[in-house]
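Could you put together the complete structure from these sequences and hints?
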Amino acid sequence: MPAPVVLPPDYYLQHFAEFLARVEAQYAGLLGPVELQFIGDYRALSPDARRLWLRMFSRKGTVFALADLQYAEISDQPAAATLLLQSGFAARPEQDADLANWLLKANKQQLWDLLQLGLAQNQLLQLPKKSADKATLQQAVTDAALLQPALLAQSGDWLALRQTDALQYLLFLFFGRIETDLSAFTLRDLGVMATGGLRTEAQAGTAPAGAADRSEPLYQARFLDVATAQAAYAYAQLKAALREALPRKNSVLSPEQLQQWQAQSALWPEPLDERTELAREKLCEALGRQAERLGQVDTAIHWYLAGGGYPASERLMRLYHKLGRRDELKALLAQMQTEPCCDEEYYLALDFSRRVFKQSRITATTHLLQQAAVLALDELWANAPEQGALFYYRQQGYQAEHLENNLWLALFGLLLWPQLFEAPDSSIYNEFERRPRDLTTPLFYQRHGVAIEAQLKLLDDKAAACRYLLAQSTRHYGKQNAIFSWYPELTRPLLALVQGAPAGALAAVLRKMALDFRRHSSGYPDLMLWRDCDSENNGQVQDLQFIEIKAPGDSVRRNQLSRLYSLRDLGFALRLERVQWVLDPARIYAVVDVETTGGTAGNDRVTEIGLVKLQYGREIARYSTLINPQRRIPSFISKLTGITDRMVATAPGFSDIAAELWQLLQGCIFVAHNVRFDYGFIRAEFARCGYTLQLPQLCTVVESRRYFPGLASYSLGNLTAHFGIELTQHHRAFADAAATAELLLLINQQRSANATAQITTNSEEHTTGGFDALRGDPASVVTE
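When we follow our numbering, the leftmost residue of the sequence shown carries the number 1, and every step to the right adds one.
Source of the hints: derived by calculation from the structure; they are not laboratory data.
All C-beta atoms, glycine included, are put in the ideal place defined by N, C-alpha and C.
Careful: at least some of the hints might be erroneous.
What the hints assert, rightly or not - Here are the simulated EDC-like pairs of lysine to aspartate or glutamate, each with C-alpha atoms no more than 16 Å apart in a straight line:
no. : residue 1 : residue 2
1   : K512      : D569
2   : K239      : E281
3   : K108      : D68
4   : K479      : E404
5   : K512      : E453
6   : K60       : E179
7   : K613      : E433
8   : K550      : D378
9   : K105      : D157
10  : K322      : E292
11  : K60       : E244
12  : K282      : E270
13  : K322      : D298
14  : K105      : D133
15  : K282      : E256
16  : K550      : E386
17  : K239      : E179
18  : K239      : D225
19  : K134      : D113
20  : K550      : E404
21  : K479      : E422
22  : K129      : D113
23  : K512      : E339
24  : K550      : E379
25  : K105      : D165
26  : K60       : D181
27  : K108      : D133
28  : K130      : D113
29  : K613      : E660
30  : K239      : E277
As the list claims (entries may be wrong) - Computed Cβ-Cβ distance ranges for the label pairs, DEER-style:
no. : residue 1 : residue 2 : range
31  : P33       : G571      : 55 to 63 Å
32  : Q138      : Q262      : 26 to 34 Å
33  : G156      : Q259      : 17 to 25 Å
34  : L7        : V297      : 52 to 60 Å
35  : S655      : N383      : 52 to 60 Å
Here you go:
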């Protein structure tokens, strides 16, 4: 394990110097007199004064007691504080915001001291006790009107932070959002945050002077002119202000606050780029929702019209319908269908039009759920329905993967990697950004449209496209990005998708993502199924399908509905399946027990395996063997199990029996008493042999607690004694496995008594509407 990174005491001073050097290099043309004055004044401070100011800036709040600002690297704190006061980088707390922050941050002792200082002797008798909670003391200070600069000056040596406005603008230029510190630099140097690696210095330029001896690339500027930057900064500040006014999800503005926002909106600047226009849309939509919550319908309509776009159009549509404004509703629905800003808006308007104007009486979501086939899954998968569906379809001979959005994002990222990360005008503006900032706006396609269309053309030749994607994956594997996640088997389903997709369909999906990544990067179906290709099919994937899995209680989100319909319209075979939980009487259980050299699967090894297979309540197979662990068995383990080094000396190694055990376990539920232990060891041993074990698991400890509550102990020894199960050689693998199998039969008897009726009903549904629907039953396919 590498030694932990230790940062130097002045790390924050170095980071700030690096930050200023980068801002000056990238944004020289955007720095006005205020910003340049700030940079010059900061550099004129003494090193100790810089340290003290940066320490204040990095902490929460704006008012600090000097006693709380003691740092070893600041050699002369009083002199540093004096210089900050003289240069305007700090002040005594005088402004209303300072006093409010002091009240919020002061501890109980500081609040009590202020009360003692500010109240006359006869008033002290009316005070709460010193032991009162902080909120009571804060209220007492407020009620007595003691938040006065003169009193605070008498109560201690306080500093209020100043000169932050210019810095906030510089931080916005660099990060593209409101930031309060340089923690990203710290995380980078600690090795917590990986940076760089997506663009080479040859593509991006050379390091700016004064960048703290780092060879970082000089990225292009986020904004090209002052007006665009200042408009973007204004909307970022408005977003932060609204978030501060609504600290919780259920917070609501007061009518007075909403009126202030409406009055101030006349002063908002005109957005001058796509990202700022999007920020304005979101702000207007959020204020419209606040107006709705206050019952101010006309004000809500004003905000939705002012912002435009989706989902504001959905709220506007529903308000028009509620108010009976049919002409405006018809015009809006027509616009949403003829000039939709995204698939969600189009399909919503189409569905709403049909229902409102009596072409259909149910929503598209209800229609889809009514058509959905029923997939009966063993209740063992209740916490992982997608994995249960994978297990089921793999048993039917399908290749199946649970991929959701990552499959499509990986295709997008690998195919368009040059435009996303390597183009000279890629909108990645510093080493901390993992994807282009213009990707969420139409600007990405506008910049790279010709090159994007050339890349999409590669998909016309499926073999060539597969070769290209393999080369891209090999070249870039493991590079961190904010588009998709890597995993070892990624290329297998990716190539199957390319080979099995309808002609032109993938290009259409990726083009939509390039045009509007924000709205087309999520909502894709859970599972992808396909059949292995064969020589007669010229290497093409067969029977490519997508399935959206919905467990009881799950809903279909709007973006999922839009993806299902849009993929259907492109020719993909897909459907939605509703899961119903059953207790499958045909389950095959592999009841396993292992003995080991210790308790850690990653370090210790298996010395003995016992296995009993059960189906329909009967034993159908058994297996037992000693295993040579290739190491000495500790004496205390030998005393516990009776297994000695001599006994395993001539036994096979795990690799010798891995193939046979693998076959025994396939298609089984892995059962053990404390299953995490036994499954963890078996999985680790298989991994050493190149196998990846993925089986559903059942723990007889957990199930015994559920179905036999109130027992004194749930150890295997105590349970077997309680139920009269024979256990002759406790801590030998086969004896423990056989006893656990008997315990499992008792558990299943109890479970069956609770679920017989449900099993019968759900099994019938599955027979008629489950897997058979996959074979092409029209009633199970997503249709209009």
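Hint by hint, here is what the structure shows:
The straight-line distance between the Cα atoms of K512 and D569 is roughly 14 Å, inside the 16 Å bound, and the hint therefore holds. Between K239 and E281, the direct Cα distance comes to roughly 11 Å. Compliance with the 16 Å bound is thereby established for this hinted pair. Between K108 and D68, the direct Cα distance comes to roughly 15 Å. Compliance with the 16 Å bound is thereby established for this hinted pair. This hinted pair does not check out: K479 and E404 have alpha carbons roughly 21 Å apart, beyond 16 Å.
A C-alpha spacing of about 12 Å is found between K512 and E453, which places the hinted pair at or below 16 Å, so the restraint holds. Taking the CA atoms of K60 and E179, the gap is near 13 Å; set against the 16 Å cutoff, the hint holds. A threshold of 16 Å between alpha carbons decides the hint, and for K613 with E433 the separation of about 52 Å lies outside it, so the pair is violated. A threshold of 16 Å between alpha carbons decides the hint, and for K550 with D378 the separation of about 15 Å falls inside it, so the pair holds.
For the given pair, K105 sits about 15 Å from D157 by alpha-carbon distance, which is consistent with the 16 Å threshold. For a cut-off of 16 Å, the pair hint linking K322 to E292 stands: about 12 Å separates their Cα positions. Between K60 and E244 the CA atoms are separated by roughly 15 Å; this keeps the pair inside 16 Å, and the hint holds. Taken as a hint, the K282 and E270 pair is honoured in the structure, with Cα atoms around 15 Å apart against an allowance of 16 Å.
Taking the CA atoms of K322 and D298, the gap is about 12 Å. The hint holds against a cut of 16 Å. With a C-alpha separation of about 14 Å, the suggested pair K105 and D133 falls inside the 16 Å cut-off, and the hint holds. Between K282 and E256, the direct Cα distance comes to roughly 21 Å. Violation of the 16 Å bound is thereby established for this hinted pair. Of the supplied pair hints, the one linking K550 and E386 holds, its CA atoms being roughly 9 Å apart against a limit of 16 Å.
Between K239 and E179 the alpha-carbon distance is near 13 Å, which keeps this suggested pair within the 16 Å criterion. Of the supplied pair hints, the one linking K239 and D225 is violated, its CA atoms being roughly 22 Å apart against a limit of 16 Å. For the suggested pair K134 and D113, the alpha carbons sit about 13 Å apart, so the restraint of at most 16 Å is met. Taking the CA atoms of K550 and E404, the gap is about 13 Å. The hint holds against a cut of 16 Å.
For the hint linking K479 to E422, the alpha-carbon distance of about 13 Å falls within 16 Å, and the restraint holds. This hinted pair checks out: K129 and D113 have alpha carbons roughly 13 Å apart, not beyond 16 Å. Taking the CA atoms of K512 and E339, the gap is about 15 Å. The hint holds against a cut of 16 Å. A C-alpha spacing of about 14 Å is found between K550 and E379, which places the hinted pair at or below 16 Å, so the restraint holds.
Distance hint between K105 and D165 is unfulfilled; the C-alpha atoms sit about 21 Å from each other, more than 16 Å. A C-alpha spacing of about 10 Å is found between K60 and D181, which places the hinted pair at or below 16 Å, so the restraint holds. Annotation: proposed proximity of K108 to D133 holds, straight-line Cα distance about 8 Å (limit 16 Å). Between K130 and D113 the alpha-carbon distance is near 10 Å, which keeps this suggested pair within the 16 Å criterion.
Restraint check for K613 and E660: the C-alpha separation of about 14 Å stays at or below 16 Å, so the hint holds. Annotation: proposed proximity of K239 to E277 holds, straight-line Cα distance about 13 Å (limit 16 Å). Range check, P33 to G571: about 60 Å between beta-carbon atoms, so the 55 to 63 Å window is met. Against the hinted window of 26 to 34 Å, the Cβ-Cβ separation of Q138 and Q262 comes to about 33 Å, which satisfies the hint.
Between G156 and Q259 the beta carbons are some 40 Å apart, a value that contradicts the proposed interval 17 to 25 Å. Against the hinted window of 52 to 60 Å, the Cβ-Cβ separation of L7 and V297 comes to about 55 Å, which satisfies the hint. At roughly 33 Å, the beta carbons of S655 and N383 sit outside the given window of 52 to 60 Å.
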